[in-house]
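Visitor: Listed here are the chains, written in short residue letters.
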Amino acid sequence: MIVSEVMTTRLVTVTPHDTLSHAANLLRQHQFHHLPVVRDASSHVPWEADQPARNSLPVLEGLLTSQDIDLAAAVGTESPGDAEHSPWEERSVAEVMHRSIIRVTPTTSVAAAAQILVEQGLNCLPVVEYVDAENMEQLSETPDFLVGLLTRSDLLVALARTLGAFEPGTELLIPLPAGDLTPLARMLLLAAGLHVKVQSLIVAPPRDSAPRVATVRLGTINPGPLLVRLQEANISYKFADFQPESDSHAS
Amino acid sequence: MLHEHTRSRTRLIFDQSELAYDFGAEHPLQSRRLVALMDLLETCGLWKHNDDQKQLPLRAATVEELSLVHTADYIAAVQRLSALQEPATGEDERQDLASKYGFDEGDTPALPGVHEVSARIAGGTMVALSAVIGLPEGGGLSENDRPLHVFHPAGGLHHALADRASGFCVYNDIAVAIAHVLRSSEAKVLYIDFDAHHGDGVQRSFYDEPRVMTISLHESGRYLFPGTGDVLELGEGLGRGYSVNVPLEPFTQDDSYIETMNAILPPLVTSFAPDVLISQHGCDTHAWDPLTHLSLTMRGIQAQMKLAHQLAHTYCQGRWVAVGGGGYDLYRVVPRAWGMLWAEISGQPVPEKLPEAWVQRWKPAWLAMEEQEEATQQALRKAASSVNFPTTFQDRPEDFPASPRRWTITHTNRRTIALVRHLLVPPTVRKAFPSNQRLSPMAGIFDLLHLRGSQTPSRSKSLETPAGLLLLRDFCPPSLVERLRADSGLHTFARFPEREHQLLLSIARSPDCALTLAHTPAGDIVGEVTLAPGDDWWEGFENVYEVTTEVSANWRGMGIARHLLAFALELDALEDMILFAMGLSWHWDTEGLKISVHHYRELISRLFASQDFVEHATTEPDISMEPGNILLVRVGKNVNQHIVNRFFNRLQSASDLSRL
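Residue numbers (the working numbering), protein chains in the order written: chain A, 2 to 252; chain B, 72 to 731.
A portion of the hints provided could be inaccurate.
Claimed, not checked - BS3-like, lysine-lysine: derived pairs with alpha carbons at most 27 Å apart: (1) Lys259(B) - Lys239(A); (2) Lys424(B) - Lys434(B); (3) Lys453(B) - Lys125(B); (4) Lys434(B) - Lys453(B); (5) Lys453(B) - Lys198(A); (6) Lys259(B) - Lys665(B); (7) Lys198(A) - Lys171(B); (8) Lys424(B) - Lys119(B); (9) Lys424(B) - Lys377(B).
As the list claims (entries may be wrong) - Residues on chain B that point at chain A, a partial pick, calculated with CB under 7 Å: (10) Gly177; (11) Pro297; (12) Ala446.
Honestly, the hints are just simulated from the structure, not real lab data. Backbone N, C-alpha and C fix where the C-beta goes; we use that ideal spot for every residue, glycine too.
Could you put together the complete structure from these sequences and hints?
Guide: Next comes the structure, spelled out in structure tokens:
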């Protein structure tokens, strides 16, 4: 899975010259926590004609978070009479935004992006496309074209989708003792034979000393026939076991 | 409770054409279960096919009506699939459409004519609901002939989604009927789903709609289809708080099921105050059902219909539509369950025995599939049912041994009850319907609140207001509340003053609650303050009490709330207690007052500030759910510092919902 499959592409942006009050309004209005800062439209870098789409992409300048605004507001109230500082509402985005931010590209793997978010304690990564340096001779800097934003909620949605949470289905667990995949493979063959759809299939690396288990989400309201076949074939499975739900929550 | 006139005003919708909704002999859903049901009704004399007074003709829902719920491309696809007769013609197109729109050979095959029969079933439920409300689509019967209750056994296809067939359901007849009512009237609709599977299609159709409350009791989606139906699916936007889900443990039996139903449905329905009830009676909750793990018997199933019937009469002036749904023990369970349902609806006694002739006709059908059913039961890990074909309407208790895990199951279900009540039932209503799990402390609430032994057990005080004299009274006894009535502007919690009055009466009767009222000398209650121990979220604290208050819309802006609150809190034990009040924006009458949520929040905050309440941030799930919500706390001066610290820790505790 790569970033372009899960990122947000409909973006609300600000320019460096916008005021913080404008940015704060946008954050509140859309209930976001991050705003990408882009160079304003007039200064767009001209780009090659055979890639017309690139032409309209905004150039990323930085990132503004709701925290930055809170901080600016807090500092503003501490020194109200200070002539150096204008009231925080009137200060520009450029003054407080982050310029050197970690970026990823659309083809970065989701796993790598998730690792960056966790390790760096970030909530959001801008997704950019870099431009071929040879074509940039006339420019002093190479611009990053903003194509999307990857937030923690995008990852959560991706996780839920992968788990099959958005599709109606039945969940079945197939224990894989000693990591042997044979029971799973046989189960899948039986499911295919019965035209039972598999919506999601996860075999996660075992944690601690827990035995390996395949979690299979079946697109059916009627798992009975498959379960009967599993039993006949001596494939063990877990389906509404005798353990109460709460015990599994606690772990 | 049934009256003679309701007996003549009940109808059943059944049309031979509905039997075409049948997925074949290898499939769990077969329309022969309806044939067996109708045969049972006739044989018992509960219904006659030639009695026009007992039935209602149906018509197919139009494409326009179906599109109230379903997307145009989905309806077009169903029509196309319905018309494609032979696989030879357009096999590719068929496969494409089928897989895109949720049809498959296993669950929901696209049969020839599937559009027509599904549209008829949707039309049937729509006619039923329109009829009890009095809309022209219900057959245009006169006021006197209008049915009070209608039963449509072929309906109940609650899994169908806006753009996809799912779980044996093609068109969502319930959602179409409700959407039609929303469009054509002002009615508020209550939907109760008793099927063992979550009513996901109906919930999704009205997830943001505060005029429809959907309540689904089902087996937990941890394993079972469709996987949704967690308590935390509460609705979104304006509809938050109007989607209710009660996931039950697999293998739940009658007692725990009935306890859950009784603890949750009446308070929710009181606070919602619907105009009409539509209930789905999927009987796949039965212990013999081959698709689910719930383990009810006819006793639990009968309790569902009796409660629905009672709720319809108490809250909806009797307007009630019941539909069928799941139920895959086709001959042993479905005919008995829905036969009983029709008897309940039409006010006829349920015969004890199943007619011998009927058993002779249908037992062979069960025998033919018994072996297969047995294997499935085992594969589902349900207790083997070494039982024969039933001969009575009720089940024999000895055929259903108590589950060895009964205690754990009951306990887990109780935590679910507590969570649902905590999140979805307004505090005032909750107090009127005390759950029987937490008994009151050893002493009466008055003694607890007057540790130093006040002389007067119930004080009175008069208050001059611009609109006249008011009398304030604390610790109101039930007899006083009985003699008073609610002012017309007192309706925040139960919508109608009469019901609000009932609510106050129940609060007065509860040994756990202290009720303070403001009323006119003529006996109109214009304001109330209640004081009661915090609910389960605050478990472990003895001196934490919740305060709620309301003043009639006709008496606002005169400072009554402030006086009443001050009066109610003149307690000996005040400084030994931690009091809190929760302001939940979805209960606020911002419309009536024509002010914003923000402004209302300010008002509440200032009102309680007058009694030294301070706003506190908290992770308590109800409060943190909406930025407008507010928690106000007053910590008494004499409260042990250790307890205060523990209380504030609880406010900020990780919102571990499973703790409940």
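Visitor: Are the hints correct? Go through all of them and say.
Guide: Checked hints:
{"no.": "1", "hint": "Lys259(B) - Lys239(A)", "verdict": "violated, 42 Å"}
{"no.": "2", "hint": "Lys424(B) - Lys434(B)", "verdict": "holds, 15 Å"}
{"no.": "3", "hint": "Lys453(B) - Lys125(B)", "verdict": "violated, 39 Å"}
{"no.": "4", "hint": "Lys434(B) - Lys453(B)", "verdict": "holds, 22 Å"}
{"no.": "5", "hint": "Lys453(B) - Lys198(A)", "verdict": "holds, 24 Å"}
{"no.": "6", "hint": "Lys259(B) - Lys665(B)", "verdict": "holds, 22 Å"}
{"no.": "7", "hint": "Lys198(A) - Lys171(B)", "verdict": "holds, 13 Å"}
{"no.": "8", "hint": "Lys424(B) - Lys119(B)", "verdict": "holds, 19 Å"}
{"no.": "9", "hint": "Lys424(B) - Lys377(B)", "verdict": "holds, 20 Å"}
{"no.": "10", "hint": "Gly177", "verdict": "holds, 5 Å"}
{"no.": "11", "hint": "Pro297", "verdict": "holds, 3 Å"}
{"no.": "12", "hint": "Ala446", "verdict": "holds, 5 Å"}
Hints 1 and 3 from the earlier list are contradicted by this structure; the remaining hints agree with it.
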